[in-house]
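Visitor: In the UniProt record's numbering, the protein residues as written are 1 to 348.
Simulated from the structure, these hints should not be mistaken for lab results. Among these hints, one or two may not hold up.
As a list, the in silico DMTMM-like pairs of lysine to aspartate or glutamate whose alpha-carbon atoms are at most 20 Å apart [as the list claims (entries may be wrong)]:
hint	residue 1	residue 2
1	Lys88	Glu156
2	Lys183	Glu92
3	Lys290	Asp236
4	Lys183	Asp157
5	Lys290	Glu258
6	Lys240	Glu284
Estimated spans, in silico, between C-beta atoms of each pair [unchecked claim]:
hint	residue 1	residue 2	range
7	Ala53	Val131	30 to 36 Å
8	Val232	Glu63	47 to 53 Å
9	Leu143	Trp209	33 to 39 Å
Every residue, glycine too, gets a C-beta built ideally from N, C-alpha and C.
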Amino acid sequence: MSTATPPAAAPLDSVSRTASQAGSWVDDNWASWLNAGLQILLILVIAIVLRTAVRRTISRLIERMNRGAEAAAATALGGLLVNAERRKQRSEAIGSVLRSVASFVILGTAALTILSVLRIDLAPLLASAGVAGVAIGFGARNLVTDFLSGVFMILEDQYGVGDVIDAGVASGTVVEVGLRVTKLRGDNGEIWYVRNGEVKRIGNLSQGWATAVVDVQVGAGEDMDRARAVIVETGDTMSKEDPWDEFLWEPVQLLGLESVGSDFVVLQVQARTMPGQAAPVARELRWRIKRAFDREGIVITGGSPAATVTDPAAVAAEGAPVADGAEENGPAPEQRAASVPPPAAGER
Numbered sequence: 001m002s003t004a005t006p007p008a009a010a011p012l013d014s015v016s017r018t019a020s021q022a023g024s025w026v027d028d029n030w031a032s033w034l035n036a037g038l039q040i041l042l043i044l045v046i047a048i049v050l051r052t053a054v055r056r057t058i059s060r061l062i063e064r065m066n067r068g069a070e071a072a073a074a075t076a077l078g079g080l081l082v083n084a085e086r087r088k089q090r091s092e093a094i095g096s097v098l099r100s101v102a103s104f105v106i107l108g109t110a111a112l113t114i115l116s117v118l119r120i121d122l123a124p125l126l127a128s129a130g131v132a133g134v135a136i137g138f139g140a141r142n143l144v145t146d147f148l149s150g151v152f153m154i155l156e157d158q159y160g161v162g163d164v165i166d167a168g169v170a171s172g173t174v175v176e177v178g179l180r181v182t183k184l185r186g187d188n189g190e191i192w193y194v195r196n197g198e199v200k201r202i203g204n205l206s207q208g209w210a211t212a213v214v215d216v217q218v219g220a221g222e223d224m225d226r227a228r229a230v231i232v233e234t235g236d237t238m239s240k241e242d243p244w245d246e247f248l249w250e251p252v253q254l255l256g257l258e259s260v261g262s263d264f265v266v267l268q269v270q271a272r273t274m275p276g277q278a279a280p281v282a283r284e285l286r287w288r289i290k291r292a293f294d295r296e297g298i299v300i301t302g303g304s305p306a307a308t309v310t311d312p313a314a315v316a317a318e319g320a321p322v323a324d325g326a327e328e329n330g331p332a333p334e335q336r337a338a339s340v341p342p343p344a345a346g347e348r
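Using the sequences plus the hints, can you model the full thing?
Guide: Okay, structure coming up:
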């Protein structure tokens, strides 16, 4: 009589055989796993340390640039030539770009190295990343354009904080410079947010020097040589007084006749000024020329001097003032009678 084999013997044998195979597989590969893990850990440590060192180096360079700008701005001449806030924002923007680029390059290289250590084929991944990059580039092309325009604008130092610019789409004083958007404050106090990619041309009114132009209208009957002498004297006096002696970089010049009318002529006056001070200098120059013309009795607009300039001393010297109501009621009765011619002899 034969005995039957228990049905559970076969599954137990397969389980033990699988366990032994797994154990042998672990024994065969644990060294390679440990090696790969150590390589990944070393790559991460090197990437983190390198990224930290590079970012700190960039930050120290930016701080040194800011300290140099602040020291230069503290001097008398440096305050005119160096805008500390502009220099600071420009250096911070450049530092931000450099730190971002350094982090992207270092961490991206570390990620690709880790994938290669794990024996992952990078070709499909790189191809997918390329397709995704093209799709994102088409979808966010305006954002990329704004960013690249901002980077080149900052690197080329086209304008900075405190500059008065005309960007085409808006004009005003630069309040903040960013990689994507430039913030302007208009003449009425409004804030304009201008995308860097939309700026096709930039007119910077705060670099180098500015020009104040004043048109002076004088009556056609006035002596032009006398008017010229008064304007030149007014400009010389203004250039010697504080603070206009700093704002005016060249003597005030009378260029000559700008236009000629039937009863007036226009004289054009020009002055080279400090950047951003053309408008205040022009307003002050107009004020002084008007006061000088009033003192000298020079007519500003067309017409006779008597019609526009009244000298109280001359009026008092001519005689007593006219009686009340004389202008409203006309001449006195005796004056009217004296003004009537006598009748002819045949009419009596």
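Visitor: Which of the numbered hints above does this structure break?
Guide: none
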